[in-house]
Amino acid sequence: MSSTQLLPPGAGDKKRFLQNCIHCGKCVEACRFDALKITEGLNPMTAGTPYIDPEKAPCFLCMHCGPACPTGAISAIEQKDADMGAAFLDKNQCFTYLGAVICRTCFEKCPMRNTAIVLENGYLPVITDQCVGCGVCAYVCPRHAITLIPRERIHEKVRSEA
Amino acid sequence: MKLHRNHVRRACQCLVALSFIAIPWINGFDIRIVTGNLLSLEIFGIPFADPLAALQVFFSTWSLSWTVTIGALLSLTLAVIMGPVFCSWICPYGLIADLMQKLPFVKRRNRFSRGWLFKAVVVGIVVVGLGAMAFPPMLNQLSLPGWYTRTMQTLWLSGTIPAGFWLLPAASVLDMAGGGHFWCRYCCPQSLLLQAAGLVLPRRFRVKYDASKCICSEKNPSPCMKSCPYGLDPRERKIHPECTNCGDCVVQCSHFGSALSQGFGSRK
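Just so you know, the protein sequences line up as chains Z and H, in that order.
All residue numbers for the first sequence refer to this note's numbering, where the first residue is 1 and numbers rise by one.
All residue numbers for the second sequence refer to this note's numbering, where the first residue is 1 and numbers rise by one.
Worth flagging that the hints you see were computed from the coordinates, not collected in a lab.
Be aware that one or more of the hints could be misleading.
Stated by the list, open to error - A short, non-exhaustive set of chain Z residues, derived as facing chain H with CB atoms under 7 Å:
1) G25
2) V28
3) R32
4) I38
5) E40
6) P44
7) G72
8) Y123
9) L124
10) I127
To be verified - Part of the chain H face toward chain Z, derived, beta carbon under 7 Å:
11) L39
12) P136
13) Q141
What the hints assert, rightly or not - Some chain Z residues flagged as far from chain H (calculated, every beta-carbon gap over 10 Å):
14) G12
15) C24
16) K26
17) L42
18) M45
19) E55
20) H64
21) T71
22) F88
23) C94
24) Y97
25) G99
26) T115
27) T147
28) R153
29) E156
Note that the Cβ used here is the ideal one computed from N, Cα and C, for glycine as well.
Input sequences plus hints: build the corresponding full structure.
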């Protein structure tokens, strides 16, 4: 299991999600961008449940999985409530902050452009607290300057920075 | 060769087994009359759900979405009216178990006449044990139709075989060693639920026996008993909870006195 594995948008708390999921795979069928994968292995708690590996294919927040879920394990919600995690930008790595080139790739590709990522002074990308952690920016960043932290590990990240 | 109802049954089983490839393929052309799988199916917008999966979610969370509640109740209604016909007409593992029984070295054995009771005790112990360890009742993870579904789906979506697939051959080996339909009779938690649903109504679809027409009443085991996949005696006056209404005994009996028939009747 990769350390950045995400639950589908609208899954919320992992325990609640696993209790509600009946492993029918309808969300995976509904996923337009092949971001949702089926967990393999023998662990009866997780095998057959969906996950996202944002390093291979991030979630584009199309929000088709929620309505496909029959049990409500994945709630049908709007993009802004996806709550999968959060992205963190390392300014010491970013092309734009380093002054190498005005890149803006993360801003352009962000499904919640101007909300989750805004441009300070018109060119410096800033990830706001509106970020839901879809992982698109981390996936497209040519400099790998963005780290994605899944929902259940955000508190660790915040603690380590405090 | 005359077309008997057991041929219709076999065709139905094969059709269901193939539908796991056919449904996603047809959905690929944006034809969405039927979507989903045995765990959550939708036909013309009417939801059908795996009742065991629904129960599992309900007992873990004490809540259930409307779609699944209605779907599970619809599936259970079928069992209430027709008995556990899912096992003999729909379940893809039921097809495998039926075919397994055709092998010459697999014996039809009726080890415990109350297989369902044995199973109920085992399932009860498992659920209480899991609950004591703060685990949800993960019974559907032991459901073979569920694993057939997931195997076909994982194959279709990612081209790999999930680990749970190996439950299918493992159960087949159990069937070969322990006598036909061993898994279905003594392990499957899904059929236990359907058997319980089949006991709800005093009158339902069942195998009926007319003793005056019976010409092999002296024989034991009789031809009808020998044809029953579960080794039951269809001449018993009470519906056996394990009878899946497969109709094999009725077809067999038609070669003798036609004392057995299927129709609505009382339980006793």
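Each hint, compared with the structure:
1. G25: For G25/Z, the interface hint holds, since the closest Cβ of chain H sits about 5 Å away, which is under 7 Å.
2. V28: holds (6 Å)
3. R32: Where the cut-off is 7 Å and the nearest Cβ of chain H is about 13 Å from R32/Z, the hint is violated.
4. I38: holds (5 Å)
5. E40: holds (6 Å)
6. P44: Check passed: Cβ of P44/Z comes within 4 Å of chain H, closer than 7 Å.
7. G72: holds (4 Å)
8. Y123: violated (41 Å)
9. L124: violated (40 Å)
10. I127: Constraint on I127/Z not satisfied, violated at 31 Å.
11. L39: With a closest approach of 4 Å, the L39/H hint holds.
12. P136: Holds, about 5 Å.
13. Q141: holds (4 Å)
14. G12: Its Cβ never comes within 10 Å of chain H, the nearest being 12 Å, so this holds.
15. C24: At about 4 Å from chain H, C24/Z fails to clear the 10 Å cut-off, so the statement is violated.
16. K26: violated (6 Å)
17. L42: violated (5 Å)
18. M45: Nearest chain H Cβ is 7 Å from M45/Z, so the label is violated.
19. E55: holds (16 Å)
20. H64: holds (13 Å)
21. T71: Label violated. Min Cβ-Cβ 5 Å, cutoff 10 Å.
22. F88: holds (30 Å)
23. C94: holds (34 Å)
24. Y97: holds (38 Å)
25. G99: The assertion about G99/Z holds, with a minimum of 43 Å to chain H.
26. T115: Non-interface label on T115/Z holds, nearest chain H Cβ at 30 Å vs cutoff 10 Å.
27. T147: Label holds. Min Cβ-Cβ 27 Å, cutoff 10 Å.
28. R153: Label holds. Min Cβ-Cβ 23 Å, cutoff 10 Å.
29. E156: The claim stands: E156/Z keeps its Cβ more than 10 Å from every Cβ of chain H (closest is about 24 Å).
Against the hints set out earlier in the document, violations occur for numbers 3, 8, 9, 10, 15, 16, 17, 18 and 21.
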